[in-house]
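K.L.:
The whole structure should be built from the sequences, with the hints applied where relevant.
What follows is each chain in one-letter form.
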Amino acid sequence: MNDFVDAIEFIFNEHESPAGGAQVGGLSNMWELTWEHLELSLVAMLIACALSIPLGLWLGHIGKGGFLAINASNVGRAVPSLALIAFFVAYIGVGFTNLALALVLLAIPPILTNTYTGVRQVDRDAVDSARGMGMTGAQIVRRVELPLALPLIFGGIRISAVNVVATATIAPLAGVVTLGDPIINVNTYGDEGRLAAAIVVALLAVATEVVLGAVQRAVTPRGLKLEGGGRWRRLAFALPNNRREAPT
Amino acid sequence: MSALLAQVEIRDRSEDTCVSDNGFCPEWIADNFDRYVDPFFQHVLLTVVAVAIGFAIASTLAVVAYRRRWLINPVTQVTGALYTIPSIAAFFLLLPITGRGFVTAIVALVSYVLLIIFRNVLTGLDNVPEETKDAGRGMGLTDRQLLWRVELPLALPEVMAGLRIAVTTTVGLATLAFFAGAGGLGERIFEDIVFKSNVVVAGGLAVVLAAVLDAAILLVQRAITPWTRAVAAR
Amino acid sequence: MRRHRWLVLLALLVAALTVAGCGDDDDDGGGGGGGTDTSEQPSSQIQNNDKNSTTKLTIGSKNFTEQKVLGEIYAQALTAAGYDVSTELNLGDEKTALKALEGNEISAYPEYTGTALLSFFGYTADKLPSDETEAFNLAKEGFAEQDLTALPPTPFVSSNEVGVTKETADKLKLQKISDLEGKSQDLTLYGTPECRQRLDCKLGLEEVYGLKFKKFVPVDIALRHEVLKKGQADVSIVFTTDPQNKREGFVLLEDDKGMFPPYNSTLVVRNDVIDKAGPDFQKTVDLVTKGLTDEVMQELNARVDLDKETPKDVAAQYLEESGLVG
Numbered sequence: 001m002n003d004f005v006d007a008i009e010f011i012f013n014e015h016e017s018p019a020g021g022a023q024v025g026g027l028s029n030m031w032e033l034t035w036e037h038l039e040l041s042l043v044a045m046l047i048a049c050a051l052s053i054p055l056g057l058w059l060g061h062i063g064k065g066g067f068l069a070i071n072a073s074n075v076g077r078a079v080p081s082l083a084l085i086a087f088f089v090a091y092i093g094v095g096f097t098n099l100a101l102a103l104v105l106l107a108i109p110p111i112l113t114n115t116y117t118g119v120r121q122v123d124r125d126a127v128d129s130a131r132g133m134g135m136t137g138a139q140i141v142r143r144v145e146l147p148l149a150l151p152l153i154f155g156g157i158r159i160s161a162v163n164v165v166a167t168a169t170i171a172p173l174a175g176v177v178t179l180g181d182p183i184i185n186v187n188t189y190g191d192e193g194r195l196a197a198a199i200v201v202a203l204l205a206v207a208t209e210v211v212l213g214a215v216q217r218a219v220t221p222r223g224l225k226l227e228g229g230g231r232w233r234r235l236a237f238a239l240p241n242n243r244r245e246a247p248t
Numbered sequence: 001m002s003a004l005l006a007q008v009e010i011r012d013r014s015e016d017t018c019v020s021d022n023g024f025c026p027e028w029i030a031d032n033f034d035r036y037v038d039p040f041f042q043h044v045l046l047t048v049v050a051v052a053i054g055f056a057i058a059s060t061l062a063v064v065a066y067r068r069r070w071l072i073n074p075v076t077q078v079t080g081a082l083y084t085i086p087s088i089a090a091f092f093l094l095l096p097i098t099g100r101g102f103v104t105a106i107v108a109l110v111s112y113v114l115l116i117i118f119r120n121v122l123t124g125l126d127n128v129p130e131e132t133k134d135a136g137r138g139m140g141l142t143d144r145q146l147l148w149r150v151e152l153p154l155a156l157p158e159v160m161a162g163l164r165i166a167v168t169t170t171v172g173l174a175t176l177a178f179f180a181g182a183g184g185l186g187e188r189i190f191e192d193i194v195f196k197s198n199v200v201v202a203g204g205l206a207v208v209l210a211a212v213l214d215a216a217i218l219l220v221q222r223a224i225t226p227w228t229r230a231v232a233a234r
Numbered sequence: 001m002r003r004h005r006w007l008v009l010l011a012l013l014v015a016a017l018t019v020a021g022c023g024d025d026d027d028d029g030g031g032g033g034g035g036t037d038t039s040e041q042p043s044s045q046i047q048n049n050d051k052n053s054t055t056k057l058t059i060g061s062k063n064f065t066e067q068k069v070l071g072e073i074y075a076q077a078l079t080a081a082g083y084d085v086s087t088e089l090n091l092g093d094e095k096t097a098l099k100a101l102e103g104n105e106i107s108a109y110p111e112y113t114g115t116a117l118l119s120f121f122g123y124t125a126d127k128l129p130s131d132e133t134e135a136f137n138l139a140k141e142g143f144a145e146q147d148l149t150a151l152p153p154t155p156f157v158s159s160n161e162v163g164v165t166k167e168t169a170d171k172l173k174l175q176k177i178s179d180l181e182g183k184s185q186d187l188t189l190y191g192t193p194e195c196r197q198r199l200d201c202k203l204g205l206e207e208v209y210g211l212k213f214k215k216f217v218p219v220d221i222a223l224r225h226e227v228l229k230k231g232q233a234d235v236s237i238v239f240t241t242d243p244q245n246k247r248e249g250f251v252l253l254e255d256d257k258g259m260f261p262p263y264n265s266t267l268v269v270r271n272d273v274i275d276k277a278g279p280d281f282q283k284t285v286d287l288v289t290k291g292l293t294d295e296v297m298q299e300l301n302a303r304v305d306l307d308k309e310t311p312k313d314v315a316a317q318y319l320e321e322s323g324l325v326g
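Protein chains in written order, with the working numbering: chain A, 1 to 248; chain B, 1 to 234; chain C, 1 to 326.
Where hints are given, some of them may not hold.
Covered stretches of chain B, as calculated for chain A (at least 3 residues, CB under 8 Å) [stated by the list, open to error]:
| id | region |
| --- | --- |
| 1 | 76 to 87 |
| 2 | 206 to 220 |
Over 10 Å on every C-beta distance to chain B, these chain C residues come out as not near it, computed from the model [to be verified]:
| id | residue |
| --- | --- |
| 3 | S178 |
| 4 | K212 |
| 5 | F213 |
| 6 | E226 |
| 7 | S322 |
The set of hints was computed from the structure by calculation and includes no laboratory data. Bear in mind the structure is a predicted one, so any value in this text is a computation, not a measurement. Every residue, glycine too, gets a C-beta built ideally from N, C-alpha and C.
P.N.:
Structure (structure tokens):
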């Protein structure tokens with residue numbers, strides 16, 4: 001219990017580094033690390049969304065490429081984040097840009113899979129009547145499929161965001177100084193520093209989950225929420241309905 | 001004092017070789033593959049033990065929560081929170097409590113698996129059609145018989161899907177287990193992160209392990225739920 | 001019945017996986033590696049003494065190649081002399097290693113004289129001796145106060161160095177570290193995470209040479225050459241015994257203001273271990289230490305870093321090739 005008290009104290013007060021010399025700890029140090037962590041995660045998420053959502057919408061709308069979209073997640077899950085980062089460091093090099101790229105790759109599968117499945121699960125009747133009213137393909141996507149797919153899309157974003165925030169913890173291996181620095185380089189910050197960073201990272205991940213969960217609830221049409229039972233829970237877990245489109 | 005008669009041989013390194021360039025070298029890999037064997041088995045052990053324990057706990061919780069609906073929310077919140085905490089952070093949050101080593105790694109990995117299994121078992125049970133349950137009750141089955149003979153078997157596809165997700169995710173997370181002092185393939189990756197051969201072999205083995213376990217579970221699923229094949233064909 | 005079938009199959013699956021998983025996971029990854037059990041063979045220089053087998057030793061080391069090789073060499077040499085030796089290599093930086101030594105988690109580890117003076121005994125840059133022998137004697141005194149003995153040092157010196165690529169050196173006309181004055185604010189410096197606080201690293205460059213860099217990026221110690229090679233770092237902190245320096249044609253800037261002390265390696269041992277271990281301990285260590293010249297240490301490092309062999313194998317090769325064992 002003592003260790004946790006020391007760790008909390010580290011967050012608020014500066015200490016002399018166990019490696020000698022400069023100061024570590026304190027609010028400004030922790031904020032620097034947190035900001036770098038957030039920046040990296042945000043950049044990766046924005047790029048990943050910009051790439052996956054349009055692609056997922058399009059594939060879902062035309063009903064092709066299901067195999068790719070659904071199994072993207074299965075494949076993505078099997079690649080350990082450490083291996084992905086190591087691969088990038090070995091083949092491309094260290095640095096913010098390279099690392100952000102690796103994180104984009106990590107973030108794409110859940111968003112892509114969920115966007116695709118989200119569109120596929122839109123009630124066919126709604127789409128048909130929209131087509132009957134004379135809407136073009138793009139209009140259908142924008143006005144019918146996208147809004148109805150939003151809950152699942154945000155479910156995917158939520159999953160990716162938490163993954164990215166978690167993986168940004170090992171960013172120091174590639175030279176980007178995030179909250180993982182005190183965890184990986186304990187000699188510079190000390191044991192309290194390491195525990196402090198672990199606490200802050202955990203809080204950050206939980207906060208990301210909670211905030212995006214709230215956003216997901218906000219974009220879910222009331223009807224679906226009231227339905228209760230299996231359907232809403234599936235959405236809340238961002239779990240596509242496997243019955244119709246069983247992966248393999 | 002007699003001089004050393006033997007000499008350390010200074011090798012000729014004037015030429016670039018695949019290995020000194022940190023490249024991808026099949027010959028080196030073949031010669032040194034045994035370096036990856038022990039970490040591989042450590043990795044398998046970590047994954048299997050974590051998923052087994054996690055499955056036991058979470059599926060029990062799900063079956064209980066299936067009948068006592070008020071449990072669903074609290075269990076989801078708790079397992080959800082555990083799921084959200086990044087594994088590296090978890091290893092070091094546990095450090096003051098469980099120390100360094102296998103146990104810490106397992107505790108963190110199990111906590112990650114709980115939500116996945118819980119939600120899948122529950123969703124699987126929830127998806128059992130009402131008519132089927134009615135038919136079962138009509139035949140005179142008690143609640144307990146209904147659960148074991150009708151609901152659980154019909155929930156199997158979802159359960160197995162959850163098991164597959166749990167296994168592949170755990171393989172991925174177990175690469176970080178060396179931070180907790182539990183070995184695994186991640187240790188090899190971390191040892192030489194610039195040597196392409198090393199990264200590809202160690203990382204590749206992890207991916208292969210995940211794929212193999214995933215396929216194995218799928219095969220088992222197909223074998224014990226033949227009726228779903230007919231359904232999918234519809 | 002479906003229920004039984006499901007349970008049986010699930011049980012079989014778990015059993016099969018467990019059997020696969022419980023394969024040989026012995027603690028010492030010795031699968032297929034070069035046999036290192038040399039205590040049976042009559043050694044030409046290191047003599048096996050059965051009386052030593054009751055003494056248990058744990059040899060530690062810090063977390064980079066040269067340290068792991070040294071740790072393995074001492075461990076294997078002492079095993080050949082009949083001791084019961086285990087290793088705890090890859091402990092971390094020097095403060096972690098010292099803590100482990102003082103806490104009796106390890107019996108000994110190889111430290112550098114310069115590192116000891118700077119990190120343990122509080123010598124500031126201006127008080128650092130430039131003579132190797134003097135540095136050793138001062139370090140030895142410092143350790144003696146903690147009930148630790150620093151055994152006679154190696155011939156080789158492994159210093160921190162400021163390294164740049166040949167192109168950078170030519171472009172900016174760099175030969176000495178002080179040539180960086182006025183230019184360093186446009187350059188990025190890469191070093192270990194601890195470098196930020198070390199007097200023989202970034203902190204020293206700031207205080208002794210007055211250099212401020214545009215950016216400092218902490219990277220893992222293993223990446224110190226990669227970042228120079230890939231052009232990401234303008235300046236990187238490397239070691240003089242790194243084989244990559246010669247290979248890549250890096251230029252090591254001359255330490256004209258004497259910021260870096262001598263760095264001979266000395267095995268630092270707990271006094272109670274020395275008393276218990278008997279005369280063979282120091283004799284064996286001395287035999288090993290004498291053969292570690294600059295050239296030899298570079299070669300051994302190269303075998304791990306460039307030829308990608310394990311420190312364990314390379315240590316065994318050193319002992320064999322120098323006739324100490326087998």
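K.L.:
Compute the least Cβ-Cβ separation between C/F213 and chain B, then decide whether it is above 10 Å.
P.N.:
holds, 23 Å
K.L.:
Mind verifying the non-interface call on C/S322? Its CB should be farther than 10 Å from each CB in chain B.
P.N.:
violated, 5 Å
K.L.:
With a Cβ-Cβ cutoff of 8 Å, does the region 76 to 87 of chain B contain at least three residues near chain A?
P.N.:
n = 6 at 8 Å, threshold three: holds.
K.L.:
Quick one: work out the minimum CB distance from C/S178 to chain B and report holds if it exceeds 10 Å, violated otherwise.
P.N.:
Holds, since 31 Å exceeds 10 Å.
K.L.:
Grab the minimum beta-carbon distance between C/E226 and chain B and tell me whether it stays above 10 Å.
P.N.:
violated, 5 Å
K.L.:
Are all beta-carbon distances from C/K212 to chain B longer than 10 Å?
P.N.:
Since the minimum Cβ distance to chain B is about 29 Å, C/K212 lies beyond 10 Å and the statement holds.
K.L.:
For the region 206 to 220 of chain B, count the residues whose Cβ lies under 8 Å from any Cβ of chain A; is that count three or more?
P.N.:
holds (count 6)
The earlier numbered hints that this structure contradicts are 6, 7.
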